Amino acid sequence: DTAVSQTPKYLVTQMGNDKSIKCEQNLGHDTMYWYKQDSKKFLKIMFSYNNKELIINETVPNRFSPKSPDKAHLNLHINSLELGDSAVYFCASSQGAGGTEAFFGQGTRLTVV
Amino acid sequence: SQQGEEDPQALSIQEGENATMNCSYKTSINNLQWYRQNSGRGLVHLILIRSNEREKHSGRLRVTLDTSKKSSSLLITASRAADTASYFCDGGTSYGKLTFGQGTILTVHP
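Read top to bottom, the protein sequences are chains A and B.
The first sequence begins at 1 in this note's numbering and counts up one residue at a time.
The second sequence begins at 1001 in this note's numbering and counts up one residue at a time.
It is possible that some hints are incorrect.
Calculated cross-link-like contacts (lysine-lysine; reagent style BS3-like; alpha-carbon spacing at most 30 Å) [what the hints assert, rightly or not]:
1. K36/A / K1070/B
2. K36/A / K22/A
3. K40/A / K1070/B
4. K1069/B / K71/A
5. K1069/B / K40/A
Covered stretches of chain A, as calculated for chain B (at least 3 residues, CB under 8 Å) [said to hold, decoys possible]:
6. 30 to 43
7. 51 to 63
8. 102 to 110
FYI, nobody ran anything at the bench for these hints, they're computed from the structure.
Remember, it's a predicted structure, so these values are computed and weren't measured experimentally.
Cβ atoms here follow ideal geometry from the backbone N, Cα and C, with glycine treated the same way.
Looking at chain B on its own, in the form it has when it is part of the complex:
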């Protein structure tokens, strides 16, 4: 079973708009990570938020974590066409593996 499950499955926006995607997980976590996958490529690490943090920023990325709701959100501000990709989350609780959902497919139209 997936530890991280992303929603929505797909998101389509115009360049300049903000994109928000969500991640829910089942069991307690030590940290939570977000990854991006461009078409035909491997996953690239974006940001890690620890279980004792509530919000973290990195450039145009803002991640929040609500451990009481077992959920996280990734906000990409002022989106660009180059942000078009699939986004995955992993709740870092399992020894020996990262566990992803199906991802959110983000399409940013120029």
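Pulled out of the complex, with its shape left as it was, chain A reads as follows:
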């Protein structure tokens, strides 16, 4: 069983479209994260949730809206996609909010054309 799974793995879409990436963890963790990895390989935190409550929103445009229906899921919805949104997006989870071992999904490569 995959611990942290995100779908889809690849997403190619046109500018201006709205898209969602889903993430689920079966580890019973209370904290989930979304990271963006750019072409230079920097991993930047976007959001984190602890027990379904938003705890980190790291100056992300409001076109990005995370939703956590329950502790096991953290989905990312992106409105009006722009070329600069092209990147690999990683979902992760951990028990405790920072400073503990995190488990990452396999990533979603988003390409906006």
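Starting from the known structure of chain A, fit chain B onto it as the hints suggest.
Here is chain B on its own, set in the frame of chain A:
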């Protein structure tokens, strides 16, 4: 700003050699973690060292921590081609997030 910053940016060695990469951080930490990322994959946790520890081993991995210099090193002994990956550190001090640098790209040639 990155809490963990890795160097060198890239490291190329032959199989069997040891690989050493370093991490520097800015503020006091509770613990420090190292992660590996294979091409096209998510990060995988390697090892965690607590702020009151100076050295930790796990298999072929050896991690040291110098809190006075705010630095850590990861040593991979007897490297293998399968160790080829990017390596990231996180200084576990921030609530709600792990903060990484750009990583060290390690290439191990067979």
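Against the structure, the hints:
no., hint, in the structure
1, K36/A / K1070/B, "26 Å, holds"
2, K36/A / K22/A, "14 Å, holds"
3, K40/A / K1070/B, "25 Å, holds"
4, K1069/B / K71/A, "38 Å, violated"
5, K1069/B / K40/A, "27 Å, holds"
6, 30 to 43, "holds (count 6)"
7, 51 to 63, "holds (count 3)"
8, 102 to 110, "holds (count 6)"
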